[in-house]
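Visitor: Sequence:
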Amino acid sequence: MKSEPDVYSIDDLHRDGREMWDSIRNYQARNMMRDDMRIGDEIFFYHSSCKVPAIVGISRVCSEPYPDPVQFDKTSRYFDPKSSKDSPRWILVDVEFVRKFDRAITLTELREQPGLDGMILMRRGNRLSIMPVSDEHWDLILTLE
DNA sequence: GCCAACGTTGGC
DNA sequence: GCCAACGTTGGC
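One point on numbering: in my numbering, the residue at position 38 of the first sequence is 27, and numbering is uninterrupted.
Just so you know, these hints were derived from the structure itself, not from any lab.
Computed from a predicted model, the values in this text were never measured in an experiment.
Backbone N, C-alpha and C define an ideal beta-carbon position, used for all residues, glycine too.
Please note: incorrect hints may appear among the correct ones.
[Unchecked claim] Quick list of the computed label-pair ranges, beta carbon to beta carbon:
# : residue 1 : residue 2 : range
1 : Lys63     : Pro103    : 47 to 53 Å
2 : Ser12     : Ser76     : 17 to 23 Å
3 : Val87     : Val41     : 17 to 23 Å
4 : Lys63     : Asp25     : 27 to 33 Å
5 : Pro77     : His3      : 28 to 34 Å
6 : Tyr(-3)   : Asp91     : 20 to 26 Å
Let the hints inform the model, and build the full structure from the sequences given.
Guide: Okay, here's the thing in structure tokens:
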């Protein structure tokens, strides 16, 4: 899961313990939270749109999927007038802090790993803020820490 | 600040 | 249902 550190960083999650992953307005990302995530699933926490884009730690899914309350908040820029409580369009999960890496594993470094070829994160122009990571890639990335 | 790569919107 | 125009993301 990507997050802009200026908006919400791994340190913020460490401080808060857990966080509702709200305001995601992309159908693919929503589908992953709604359909693919299970309580206990571990997540790489990635800092994006910043000086050194990098995987900086691990978080974990800690709720069932449920409707994003922000979609009903008229004062929010993420308010969705086409959504309704009867059939909410945007679904999210809560995530909890697991640990922060001793050092950030930078995108540059990840690109240098031949074993990570084909990772969705590395695709040019990739804009997905939530994406699956294969077991092989997960294990390989952990050896880089 | 630039620009590639998408996703979304809306006219037809 | 197509597709052009536009908006957003995010690395560089």
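Visitor: Decide, hint by hint, whether the structure agrees.
Guide: Hints, verified against the model:
Between Lys63 and Pro103 the beta carbon distance is about 50 Å. The supplied range of 47 to 53 Å therefore holds. Distance hint check for Ser12 and Ser76: the Cβ-Cβ separation is about 19 Å, which falls inside the suggested range of 17 to 23 Å. Distance hint for Val87 and Val41: a CB-CB separation of about 21 Å, consistent with the stated range 17 to 23 Å. At roughly 30 Å, the beta-carbon separation of Lys63 and Asp25 lies within the given 27 to 33 Å, and the hint holds.
Remark: the range hint 28 to 34 Å for Pro77 to His3 is upheld by a beta-carbon distance near 30 Å. Taking 20 to 26 Å as the suggested C-beta distance range, the pair Tyr(-3) and Asp91 conforms, at roughly 21 Å.
Violated hints for the displayed structure: none, as all numbered hints are satisfied.
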